[in-house]
Amino acid sequence: MIRHPDILKQAQEELDAVVGRDRLVSETDLPSLTFFNAVIKETFRLHPSTPLSLPRMAADDCEVAGYRIPKGSELLVNVWGIARDPALWPDPLEFRPARFLPGGSHENVDVKGAHFQLIPFGAGRRICAGLSWGLRMVTLTSATLVHAFHWELPVGQTPDKLNMDEAFTLLLQRAVPVMVHPVPRLIPSAYQTA
1 MIRHPDILKQ
11 AQEELDAVVG
21 RDRLVSETDL
31 PSLTFFNAVI
41 KETFRLHPST
51 PLSLPRMAAD
61 DCEVAGYRIP
71 KGSELLVNVW
81 GIARDPALWP
91 DPLEFRPARF
101 LPGGSHENVD
111 VKGAHFQLIP
121 FGAGRRICAG
131 LSWGLRMVTL
141 TSATLVHAFH
151 WELPVGQTPD
161 KLNMDEAFTL
171 LLQRAVPVMV
181 HPVPRLIPSA
191 YQTA
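The letter at position 90 of the sequence shown is residue 90 when you use my numbering, and the numbering goes up by one with no holes.
By construction, these hints were calculated from the structure, which means they are not laboratory data. Errors might be hidden in some of the hints.
Stated by the list, open to error - Taking lysine-lysine pairs in the DSSO-like style, the calculated list, with each CA pair at most 30 Å apart, reads: (1) Lys9 x Lys112; (2) Lys9 x Lys161; (3) Lys112 x Lys71.
The structure displayed is predicted, hence computed values, not measured ones.
Between the sequences and the hints, there should be enough to build the whole structure, so can you do that?
The following block contains the structure:
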């Protein structure tokens, strides 16, 4: 979102409207954050934590999309590639959370395994057991960071030049770590714990 200041601003405005600026985001706020939840879906689409699914083995000979798969073949699903397929996602390399908003091209698509064009947690019988917890924690943590702070880049660096290249390993991570400076944006008492 730092690469897209307009989206960051819109997310902060929604968080301010739902949560206010006198407390931190709570889990009960999450269902009311329509735009922010679309941001999370778009982030999982472009940057899934694992670019490939865990290996599976074909139980029987079968054919998929014209390809013969012999019994015993080890298979991997390219989650990263599916989420960037232009046949499924218009302008697939653009960060556009609006795809998931009401009236958007993918408004009913979720990340919970029912829509195969977006499966960052996998799908079917072997879907990630931590899906609910992981999705909730990523959303709550991200919402807290976006709501509680303005984010400043180092002097001379601009959002449009932020390097978004990825390093492909078992987990997908940034090739170059992002360097930002958090600046509090809430009233001081909001940061105090009980």
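- Out of the numbered hints, which ones does the structure contradict? none
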